[in-house]
Amino acid sequence: MVSKKIVLHFPSKLIDKPVISTLVKDFNLEFNIMKAFITPREEGLMVLEVIGDEKDFDKGIKYLNKAGIRIQPLSKDVKRNDTRCTNCGVCVTICPTQALVYDRETHEVHFYDTKCIACELCIKACPVRAMTVDF
Amino acid sequence: MPKTIAEINERIRNGSVVVVTAEEIADVINKVGIENAAKQVDVVTTGTFGPMCSSGAYLNVGHTKPKIKLGGGTVTLNGVSAYSGFAAVDVLMGANALSESDPRNKVFPGEFNYGGGHVIEDLVAGKDLVLKVRAYGTDCYPRKELETYINIRDINEAVLFNPRNAYQNYNCAVNLSDKIIYTYMGVLKPKLGNANYCSAGQLSPLLNDPYYKTIGIGTKIFLGGGVGRVIWHGTQHNPSAKRKYNGVPSVPAGTLAVMGDLKQMKPEWLMGTSMLGYGVTLSVGIGVPIPILDEEICRYTAIKDEDIWTQVVDYSNSYPNGKPGNIAEVNYAQLRSGKIKIHGKEIITGGLSSYSRAREIAGILKDWIKKGKFLLDKPVASLPGVDSDCKCKPLKERAVKE
Ligand code: SF4
Ligand code: SF4
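Sequence lines, in order, name chains A and B. FYI, the numbering for the first sequence is 1077 to 1211, going by our numbering. FYI, the numbering for the second sequence is 619 to 1020, going by our numbering.
Excised from the complex, chain A in its bound form (with noise of 0.2 Å):
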């Protein structure tokens, strides 16, 4: 048995296609959907995790491929370069997850790894570039 988390970036012709039914239905896995939502580019986004035979998880997630939904690994690290954020704050209206924060009393702003999903929004969003994202 493993247990993994994905994130599943779904184009928005598949976002109301029962595409994730089908994992239980047909491989045998199990699921908690830990986050979803439409993304500003209308792609559908939702984290996942996914308990089951490891044989069985690699079909899943090759079906899902095949359906046309990208997946990327949540172990995906998105960091921030500190020296060079200016604490603008733009990117907080982005992040989908609150995982950047404007703080009022210091006017910083907080970066919660733990929250971040590795949606990469806000790695364009950054005006100075300031998020990065390591494969």
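No lab work stands behind these hints: they were computed from the structure. A couple of the hints might just be wrong.
What the hints assert, rightly or not - Derived BS3-like pairs (lysine-lysine); straight-line CA-CA distance at most 30 Å:
{"id": "1", "chain 1": "B", "residue 1": "Lys-989", "chain 2": "B", "residue 2": "Lys-831"}
{"id": "2", "chain 1": "A", "residue 1": "Lys-1131", "chain 2": "A", "residue 2": "Lys-1093"}
{"id": "3", "chain 1": "B", "residue 1": "Lys-957", "chain 2": "A", "residue 2": "Lys-1191"}
{"id": "4", "chain 1": "A", "residue 1": "Lys-1093", "chain 2": "A", "residue 2": "Lys-1138"}
{"id": "5", "chain 1": "A", "residue 1": "Lys-1191", "chain 2": "B", "residue 2": "Lys-724"}
{"id": "6", "chain 1": "B", "residue 1": "Lys-724", "chain 2": "A", "residue 2": "Lys-1089"}
{"id": "7", "chain 1": "B", "residue 1": "Lys-683", "chain 2": "B", "residue 2": "Lys-809"}
{"id": "8", "chain 1": "B", "residue 1": "Lys-683", "chain 2": "B", "residue 2": "Lys-881"}
{"id": "9", "chain 1": "A", "residue 1": "Lys-1155", "chain 2": "B", "residue 2": "Lys-807"}
{"id": "10", "chain 1": "A", "residue 1": "Lys-1155", "chain 2": "B", "residue 2": "Lys-745"}
{"id": "11", "chain 1": "A", "residue 1": "Lys-1142", "chain 2": "B", "residue 2": "Lys-957"}
{"id": "12", "chain 1": "A", "residue 1": "Lys-1111", "chain 2": "B", "residue 2": "Lys-959"}
{"id": "13", "chain 1": "B", "residue 1": "Lys-807", "chain 2": "A", "residue 2": "Lys-1111"}
{"id": "14", "chain 1": "A", "residue 1": "Lys-1191", "chain 2": "B", "residue 2": "Lys-809"}
{"id": "15", "chain 1": "B", "residue 1": "Lys-807", "chain 2": "A", "residue 2": "Lys-1093"}
{"id": "16", "chain 1": "B", "residue 1": "Lys-941", "chain 2": "B", "residue 2": "Lys-797"}
{"id": "17", "chain 1": "A", "residue 1": "Lys-1142", "chain 2": "B", "residue 2": "Lys-724"}
{"id": "18", "chain 1": "A", "residue 1": "Lys-1155", "chain 2": "B", "residue 2": "Lys-724"}
To be verified - Covered by chain A, per the in silico footprint, the following chain B stretches (three or more residues, Cβ under 8 Å):
{"id": "19", "segment": "693–702"}
{"id": "20", "segment": "797–808"}
{"id": "21", "segment": "965–978"}
For every residue, glycine included, the Cβ atom is placed at its ideal position computed from N, Cα and C.
Knowing the structure of chain A, use the given hints to seat chain B with the ligands on it.
For chain B with the ligands alone, kept in the frame of chain A given last:
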């Protein structure tokens, strides 16, 4: 008794000067009253740090052997197109400049990863830049091609020259349409999905001197980590813009043209900036000292975010089409709280101008003055004021005859 700049400079020299930042002055007034505060405090320091598109730098790279004339030829720095219409070896790089090969918005939204703003940052950081020139050749300037590294250490002059900076107030941008839009005010989500603003508010230079009583042509300032000067009113300077009861404009109003020696500046205060789907620009740090010559000037510097109002403007329609009309009026205390309410909807707010950096700049300038490293200068002329005929007009288009 009003003070003079000469008296303040004397106190800077003998170490007895009293300097506070534009944040701190309000507390001083609360404690000792306006009359005493105006007597006790000599200088209030302001600061702002944010993207300022009308910025650039000119360089004199020195003559080659045999000589080459850049004027009338094509010039790039790190691949980014520079302006070469000045004599033989003067080059101007604008913050928004891009390389010929940049895809711009062909793949939308364009990323704009490198352009003029980044060239200026790299130059200031002391990195080697690649200069490429194609010239047409003359009898006195025979050479036609040049490809070389240049470095800020070796070239003759490197001057920051910004025709419009430090806007006195700015719009708060929203998007009323049902599509995401990419603007110079950042990414704006559909249907009032967010509201972006861009001003240091109570720390901002021209909001602390709303009638330009002390800031004028020749005023010495913190510029990009070094020392610069106000050299003219900025382009689009619009002193007769709508003002509130306290004299503070509630729409974009005054602007400053500034200049300074790039060789003393630092890359953390001049940062290449990429606005998704919009282009490249330069984030500039500016700090202006305000001499507290009398009570009235002192009172202006006490301005707080809650007393500075601005207009919420729709960037999906009214802004691009130049249509008048605002959606709401909000103040900077509301904007900085992280949320504003418009049409009954709570909207998250995001800044483009860094308040923490503005605060740092006001602090650095305060420190320079206290340590006697920075004396004030009396302006040689005032900026056009409310009564002048200086106005920001739209372009009157006229059909061109064939
Ligand atoms: S947008 Fe970039 S520079 Fe601004 S606060 Fe976020 S990470 Fe920092
Ligand atoms: S990648 Fe950026 S925008 Fe996405 S969740 Fe992480 S911090 Fe937020």
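Results for each hint:
Between Lys-989/B and Lys-831/B the alpha-carbon distance is near 26 Å, which keeps this suggested pair within the 30 Å criterion. Proximity of Lys-1131/A to Lys-1093/A is assessed by CA-CA distance (about 24 Å); at most 30 Å being required, the pair is judged to hold. This hinted pair checks out: Lys-957/B and Lys-1191/A have alpha carbons roughly 21 Å apart, not beyond 30 Å. With a CA separation close to 17 Å, the supplied pair Lys-1093/A and Lys-1138/A stays within the 30 Å bound.
For the proposed pair Lys-1191/A and Lys-724/B, the alpha carbon gap of about 34 Å is over 30 Å, so the pair is violated. A C-alpha spacing of about 23 Å is found between Lys-724/B and Lys-1089/A, which places the hinted pair at or below 30 Å, so the restraint holds. Between Lys-683/B and Lys-809/B, the direct Cα distance comes to roughly 61 Å. Violation of the 30 Å bound is thereby established for this hinted pair. Using a Cα cut-off of 30 Å, the hinted pair Lys-683/B and Lys-881/B holds, with the two alpha carbons roughly 25 Å apart.
The straight-line distance between the Cα atoms of Lys-1155/A and Lys-807/B is roughly 24 Å, inside the 30 Å bound, and the hint therefore holds. Annotation: proposed proximity of Lys-1155/A to Lys-745/B holds, straight-line Cα distance about 25 Å (limit 30 Å). Only pairs whose Cα atoms come within 30 Å are accepted, and Lys-1142/A paired with Lys-957/B is rejected, the gap being roughly 41 Å. In summary, the hint linking Lys-1111/A to Lys-959/B is supported, as the alpha carbons are separated by about 27 Å, within the 30 Å threshold.
For the proposed pair Lys-807/B and Lys-1111/A, the alpha carbon gap of about 20 Å is at most 30 Å, so the pair holds. Proximity of Lys-1191/A to Lys-809/B is assessed by CA-CA distance (about 26 Å); at most 30 Å being required, the pair is judged to hold. In summary, the hint linking Lys-807/B to Lys-1093/A is supported, as the alpha carbons are separated by about 25 Å, within the 30 Å threshold. The hinted pair formed by Lys-941/B and Lys-797/B meets the criterion: a straight-line CA distance of about 19 Å does not exceed 30 Å.
A distance of roughly 29 Å separates the Cα atoms of Lys-1142/A and Lys-724/B; the hinted pair therefore holds under the 30 Å criterion. Distance hint between Lys-1155/A and Lys-724/B is fulfilled; the C-alpha atoms sit about 29 Å from each other, no more than 30 Å. Proximity of the segment 693–702 of chain B to chain A, defined as three or more residues with a beta carbon under 8 Å from a beta carbon of that chain, is not established by the 0 residues found. Coverage of the segment 797–808 of chain B by chain A holds [criterion: at least 3 residues with CB-CB distance below 8 Å; count 5].
Residues of the segment 965–978 of chain B lying with their CB closer than 8 Å to a CB of chain A number 11, which satisfies the three-residue condition for coverage.
When held up to the earlier numbered hints, the structure conflicts with 5, 7, 11, 19 and fits the remainder.
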